[in-house]
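Number of protein chains: 2
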Amino acid sequence: MTASQAGPLQLFELAAADPQVRFSPNCWRIRLALIHKGLECERLDWRFTEKQRIAASGQGKVPVLVDGGRMLHESWDIARHLERSHADRPSLFGPAPGEALARFVNQWAAESLHPALARVIVPAIADMVADCDRAYFVQTREATLGASMDELRRLRGESLAALNKVLQPLRSTLGTQDFLCGAQPLYADMVAYSAFQWARICDPQPVLAADDGLRPWLRRMDERFPEAARAPGVRYPF
Amino acid sequence: MTASQAGPLQLFELAAADPQVRFSPNCWRIRLALIHKGLECERLDWRFTEKQRIAASGQGKVPVLVDGGRMLHESWDIARHLERSHADRPSLFGPAPGEALARFVNQWAAESLHPALARVIVPAIADMVADCDRAYFVQTREATLGASMDELRRLRGESLAALNKVLQPLRSTLGTQDFLCGAQPLYADMVAYSAFQWARICDPQPVLAADDGLRPWLRRMDERFPEAARAPGVRYPF
Chain A
1 MTASQAGPLQ LFELAAADPQ VRFSPNCWRI RLALIHKGLE CERLDWRFTE
51 KQRIAASGQG KVPVLVDGGR MLHESWDIAR HLERSHADRP SLFGPAPGEA
101 LARFVNQWAA ESLHPALARV IVPAIADMVA DCDRAYFVQT REATLGASMD
151 ELRRLRGESL AALNKVLQPL RSTLGTQDFL CGAQPLYADM VAYSAFQWAR
201 ICDPQPVLAA DDGLRPWLRR MDERFPEAAR APGVRYPF
Chain B
1 MTASQAGPLQ LFELAAADPQ VRFSPNCWRI RLALIHKGLE CERLDWRFTE
51 KQRIAASGQG KVPVLVDGGR MLHESWDIAR HLERSHADRP SLFGPAPGEA
101 LARFVNQWAA ESLHPALARV IVPAIADMVA DCDRAYFVQT REATLGASMD
151 ELRRLRGESL AALNKVLQPL RSTLGTQDFL CGAQPLYADM VAYSAFQWAR
201 ICDPQPVLAA DDGLRPWLRR MDERFPEAAR APGVRYPF
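If you read the protein sequences in the order shown, they are chains A and B.
When we follow my numbering, the leftmost residue of the first sequence carries the number 1, and every step to the right adds one.
When we follow my numbering, the leftmost residue of the second sequence carries the number 1, and every step to the right adds one.
What the hints contain is simulated information worked out from the structure, not anything from laboratory work.
Incorrect hints may have been included.
Stated by the list, open to error - DSSO-like cross-link-like pairs, simulated, lysine-lysine; straight-line CA separation at most 27 Å:
#1 Lys61/B <-> Lys51/B
#2 Lys37/B <-> Lys61/B
#3 Lys61/A <-> Lys165/B
#4 Lys61/A <-> Lys51/A
#5 Lys165/A <-> Lys61/B
#6 Lys37/A <-> Lys61/A
#7 Lys165/B <-> Lys165/A
To be verified - Residues of chain A placed beyond 10 Å of chain B at every Cβ, according to the derived structure:
#8 Gly38
#9 Gly69
#10 Asp150
A virtual CB, placed ideally from N, CA and C, is assigned to each residue, including glycine.
Next comes chain A alone, as it looks inside the complex (with noise of 0.2 Å):
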């Protein structure tokens, strides 16, 4: 018996004021990850300061998955997991060396797409969180990016322009195939399709222009993912 029989699953998800609305695009690849696996589990909406209820993970942010009474965190750690203790669900990985690969569009999300992307829309997101977790936003993000929210607000334009410039690898491979595992979606394509999830959800101003190469491949994740096209709280269609 794997731990994951041993009961439910639970998920914690960043919430905002609504507390309906998920954004964190960390929390998003997992629970698309579940729905791939066929995977039922328990949502459960989490505010940022909110750090004791997670206390038991060892650290403060989510998502963490509680799995047969233990607490999992780390995006990446929890995949794996997944994929380990499911094996008999559909792959999130595909054979070697699909997950060796994963983990560099997981390293190339989190380092370099994730803060080109939070430059533009960090000062949207400070409005829509929930008021226990604003300061605490404000504050964290201000440190993080060297910049407050109105100079972040004024410096959009160059934002848009960094952040395009980082797209253009996953643009031009998206480009001349369907997604970037393939034929078929798989982690890689979770982890940067819960980028432009993330920004619709919380920007009202879409960070991609209409014409992007990106959004026909936005539209096929939409298509595989109807929970995520619906979800509260998205903005706009891809």
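For chain A, the structure is supplied; the task is to place chain B on it using the hints.
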């Protein structure tokens, strides 16, 4: 019979003033792919300005692979051709989603890594290209990079900092696994490694710090590909 069986392979490789010194990252990745597949090829030295010698390819850049009388260009297309026409040899991509994800690494190298690295090493390349190529090289690179060789030299510190940022996803990925493709190097590793081969052949000043987290991976690649580690013009070990 595949086209490849019709005659020996020939590879046009960009050469420096010293024709034994082959420095192009796009040529190196194809050479490594040929070694990986255990295919012999005749290596032809070629200069930027010798467009006529490869005119039959319909364009003016190397690598160009001559296979059974056909001239193939574009490193990604050459790699796919080798994979398909020599399917009995060790695979460059592994099973799906290996090729699709390698495509993303290929595009990341072309559109993020190479442009960032070029800003650092192009002045050194200008010093080592053949006399017949120098004016062409300086003019085209200054236009592409929007800066003179002198400006690029002055900006080296900033360019190294920008390169360092671009490299972060590669570095963190290789901090947790031996190769980009997992336990063994495949084409995505060859693509990324060839960028550093380019740098260490062209520029006497290393682009990575002595304790950079990428070096253990680069040394593993050197072990796997001793022909690259000991190639004419290599200025330092990783």
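(message) I'd like to know which numbered hints this structure contradicts. Please list them from smallest to largest.
(response) No hint contradicted; all consistent.
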